[in-house]
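> This is what each chain is made of:
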Amino acid sequence: MKDAGPADTRGFALADVDLASFDRQFRAHCRVQRPDRYRLIEALPRDAMRIARGSGVSYTAASFGADAISQSLAAFDRILAFDEDGGRLVAEAGVKIGDVQRFALARGWYLAVAPGHPAATVGGCIAADVHGKNPARDGTFRAVVERIELVRANSDVVVASASDNADLFAATFAGFGLTGVITRATLRLARPPAALIVRRVPVANLAEAARMLREAANAPVLYGWHDGRPGVFGRGVVRIGLATDAGEARAMRVPPPSRDLPAGIRPMPFALWNRAGIAAANVWLGSRWCRAGQSPLPLAEALFPLNDAHAYFAGFGKAGMVEAQWLVPHALFDEFAGMLAERVARDRPRIALIASKLFAGRPEGFGFDGEGIALAIQLPAPAEPRQRAFLEALAEIAITHGGRANLIKESTLDAATARRAVGGFDAARERLAAHNPGGLHASELARRLAL
Amino acid sequence: MSERAATAIVVGASSGLGRALAAELARAQYALLLIASDRRDLDALGASLNLAHGIAVRALALDLGREADPGARIAGTLDGMPPPAALLLPIGQSREDDDLSLDAGRIGALLAVNLHAPLAIVHALLPRLVESHGTVVLFGSVAATRGRGRNVVYASAKRALVSLYESLRQRYRSRELRVQLYELGFMATNLTYGMKLPMPVAEPDAIARTVVRRLERGSSKRYVPRWWALVALAVRWLPWSVYRRMKG
Chain A
685 MKDAGPADTR
695 GFALADVDLA
705 SFDRQFRAHC
715 RVQRPDRYRL
725 IEALPRDAMR
735 IARGSGVSYT
745 AASFGADAIS
755 QSLAAFDRIL
765 AFDEDGGRLV
775 AEAGVKIGDV
785 QRFALARGWY
795 LAVAPGHPAA
805 TVGGCIAADV
815 HGKNPARDGT
825 FRAVVERIEL
835 VRANSDVVVA
845 SASDNADLFA
855 ATFAGFGLTG
865 VITRATLRLA
875 RPPAALIVRR
885 VPVANLAEAA
895 RMLREAANAP
905 VLYGWHDGRP
915 GVFGRGVVRI
925 GLATDAGEAR
935 AMRVPPPSRD
945 LPAGIRPMPF
955 ALWNRAGIAA
965 ANVWLGSRWC
975 RAGQSPLPLA
985 EALFPLNDAH
995 AYFAGFGKAG
1005 MVEAQWLVPH
1015 ALFDEFAGML
1025 AERVARDRPR
1035 IALIASKLFA
1045 GRPEGFGFDG
1055 EGIALAIQLP
1065 APAEPRQRAF
1075 LEALAEIAIT
1085 HGGRANLIKE
1095 STLDAATARR
1105 AVGGFDAARE
1115 RLAAHNPGGL
1125 HASELARRLA
1135 L
Chain B
42 MSERAATAIV
52 VGASSGLGRA
62 LAAELARAQY
72 ALLLIASDRR
82 DLDALGASLN
92 LAHGIAVRAL
102 ALDLGREADP
112 GARIAGTLDG
122 MPPPAALLLP
132 IGQSREDDDL
142 SLDAGRIGAL
152 LAVNLHAPLA
162 IVHALLPRLV
172 ESHGTVVLFG
182 SVAATRGRGR
192 NVVYASAKRA
202 LVSLYESLRQ
212 RYRSRELRVQ
222 LYELGFMATN
232 LTYGMKLPMP
242 VAEPDAIART
252 VVRRLERGSS
262 KRYVPRWWAL
272 VALAVRWLPW
282 SVYRRMKG
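Chains as they are written, first to last, in this note's numbering: chain A, 685 to 1135; chain B, 42 to 289.
Excised from the complex, chain A in its bound form:
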């Protein structure tokens, strides 16, 4: 493709575009194809390296790479069929999750497993096997997908489900787009709770949070938020969203698309999340969120949690951020949390936010699942030596405590660390390779992790 002149590529809808990962840790000058018809997805030369691209909101560079053509699925954003009685929805891969939720909620259904960013696409959620508001109860995205269609690099259109091309189906979840371009999927929706109330349980540290999460395993919404500063590390609140009867239901105001967090966020010219900024934000959040009690939680607020986070992400500035996400088995979690607190006290990294969640699934492939407590730790400016050193130390502590890394989240993991951080890494890599002959589906993420 690189030698193709204009006459060769006219009609392919190709352009040269500068792309950056959402966490701003990788950027590249790429060729991007913007097909608007099915035959254009299949029109690339068979030997051209390519990778599907949704909204580009993956923290890591999963949808582009310097040597691959990014095939944007933006035009494939249609909901194709809906079974009102059974809650089955067929959507093209470029449909945004926020739009799925709006469509479903208007008809008395919702997508139980959904990521925070409303611009994440159906295809992206499959490729990343994202998790939602309580993965211990609802599982990961693979739990809500019945069937997918993919276009392989050889232009074959393949249908996969648990009974049809089952290995391809399984490998495509957390397959990072390397098994083909997902073009459509059949999703299984659920009935939403009539109303939610959120119980706020203050916790002094991560071990206490883990106990609280385990006790509330069946809540529809369940996560912890924690201060990451030395001295108060782990202090925070566990938020337990509980379904209530319809008598307490309020008219649901689902935010319009214009309220959604945009896919691209322009960074502030300065970094807001320096020590003073982080301290101020934690004090404010602590006073607002961390008092014990309970209050109504609009379902829309639970389903679109990042719509008010524009300033938060912009505040990382041009140096960007990184999210390290580790799932640690229950038996070793308290010890892990203790060692982490010691390390934070010693290294004093700047941690903008820590979130905790409960997991209760079975890890498959590169998927982020298992039985344990997951921590998502967001740090500004990960290229700074102190921050980098902490991330490396965190990885070592997590690995020695049986931790599993979420590969789709963290840009700073190298291939050797990733191999130690995911049980069954080699088998998962071999399975992906078997479904990606010639390695024609490729990305920066795949290159960095040697997938």
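Calculated directly from the structure, the hints in this document are not laboratory data. There may be inaccurate statements among the hints.
[As the list claims (entries may be wrong)] In silico SDA-like pairs for lysine to any residue, Cα to Cα no more than 20 Å straight-line:
#1 B:262 - B:217
#2 B:262 - B:247
#3 B:237 - A:703
#4 B:237 - A:713
#5 B:237 - A:700
#6 B:262 - B:201
#7 A:1002 - A:950
#8 B:262 - B:163
#9 B:262 - B:251
#10 B:237 - B:272
#11 A:1002 - A:1072
#12 B:237 - A:702
[Claimed, not checked] Cβ pair distances, simulated, as ranges:
#13 A:1111 - B:242: 47 to 57 Å
#14 B:239 - A:839: 32 to 42 Å
#15 A:843 - B:102: 15 to 25 Å
#16 B:164 - A:851: 48 to 58 Å
Even for Gly, the Cβ is constructed at its ideal location relative to N, Cα and C.
For this one, chain A is given, so just place chain B on it according to the hints.
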């Protein structure tokens, strides 16, 4: 809103302006007959519009470059649908090598899509459109404002559509048949994606809103966006000695 008892026919409905028009017409509750070359695109578009707006959608997969009588195929597909109230022809095919170097076969293929198809479809559907006092919407291009060394066949065909527009207006009064011609500037479609263009591009959705809003107004010729009229005027009035030295 209840469905209108009228059908809008969109030829070239699967992408760009055609897809935007289909969506806007669905919003306005027209029953739709969608025509494009690939059944998969039509099925996806039709299903999504039916689901979102509850309108009847019928699709016809047709390769306008090969179809000898596209008008007859479309007329046949209309059977059983509400009377056709609007025929919209946002079709156009261009080639990078349309620079006086094409052979006869390629010239014929370009003319088939850009000229023969609109002519044949308009001819075939004219009786029904006149009967329903409907609207024919043609789409020209600013590329045809003045002949250049590029887009030679394409611009010739688009210029011929102006003649078709004039013929229809000369033959029918507005109350019998509305005829509307839109001269389009650069649009944000897959054809212009990645191109460095000298003028801003318009969004197909915005153009579609304008077209559908004006569907039941009288016959007219209009540049969209409107400021392209000034650009076209300037290009037309440039002294030949200056114009021939211009690039492109």
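> Evaluate each hint against the coordinates.
Comparing the hints with the structure gives:
Our distance criterion of 20 Å between C-alpha atoms is met by residue 262 (chain B) and residue 217 (chain B), whose separation comes to about 17 Å. Restraint check for residue 262 (chain B) and residue 247 (chain B): satisfied, since their Cα atoms lie roughly 18 Å apart, inside the 20 Å limit. Distance hint between residue 237 (chain B) and residue 703 (chain A) is fulfilled; the C-alpha atoms sit about 18 Å from each other, no more than 20 Å. Restraint check: the Cα-Cα separation between residue 237 (chain B) and residue 713 (chain A) comes to about 17 Å, which is no more than 20 Å; the hinted pair holds.
For a cut-off of 20 Å, the pair hint linking residue 237 (chain B) to residue 700 (chain A) stands: about 11 Å separates their Cα positions. For the hint pairing residue 262 (chain B) with residue 201 (chain B), the CA-to-CA distance comes to about 14 Å; that is within 20 Å, so the pair holds. Restraint check for residue 1002 (chain A) and residue 950 (chain A): the C-alpha separation of about 9 Å stays at or below 20 Å, so the hint holds. For the hint pairing residue 262 (chain B) with residue 163 (chain B), the CA-to-CA distance comes to about 17 Å; that is within 20 Å, so the pair holds.
Of the pairs offered as hints, the one joining residue 262 (chain B) and residue 251 (chain B) holds, with about 13 Å between alpha carbons and a cut-off of 20 Å not exceeded. Proximity of residue 237 (chain B) to residue 272 (chain B) is assessed by CA-CA distance (about 18 Å); at most 20 Å being required, the pair is judged to hold. Between residue 1002 (chain A) and residue 1072 (chain A) the alpha-carbon distance is near 17 Å, which keeps this suggested pair within the 20 Å criterion. Simply put, residue 237 (chain B) and residue 702 (chain A) have alpha-carbon atoms about 15 Å apart, close enough for the 20 Å limit, and the pair holds.
The hinted range of 47 to 57 Å is satisfied by residue 1111 (chain A) and residue 242 (chain B), whose Cβ atoms lie roughly 48 Å apart. Checked against the hint of 32 to 42 Å, the pair residue 239 (chain B) and residue 839 (chain A) passes, with Cβ atoms roughly 36 Å apart. Between residue 843 (chain A) and residue 102 (chain B) the Cβ separation comes to about 21 Å, which falls inside the hinted range of 15 to 25 Å. One distance hint, 48 to 58 Å for the beta-carbon pair residue 164 (chain B) and residue 851 (chain A), holds here, with the actual separation near 55 Å.
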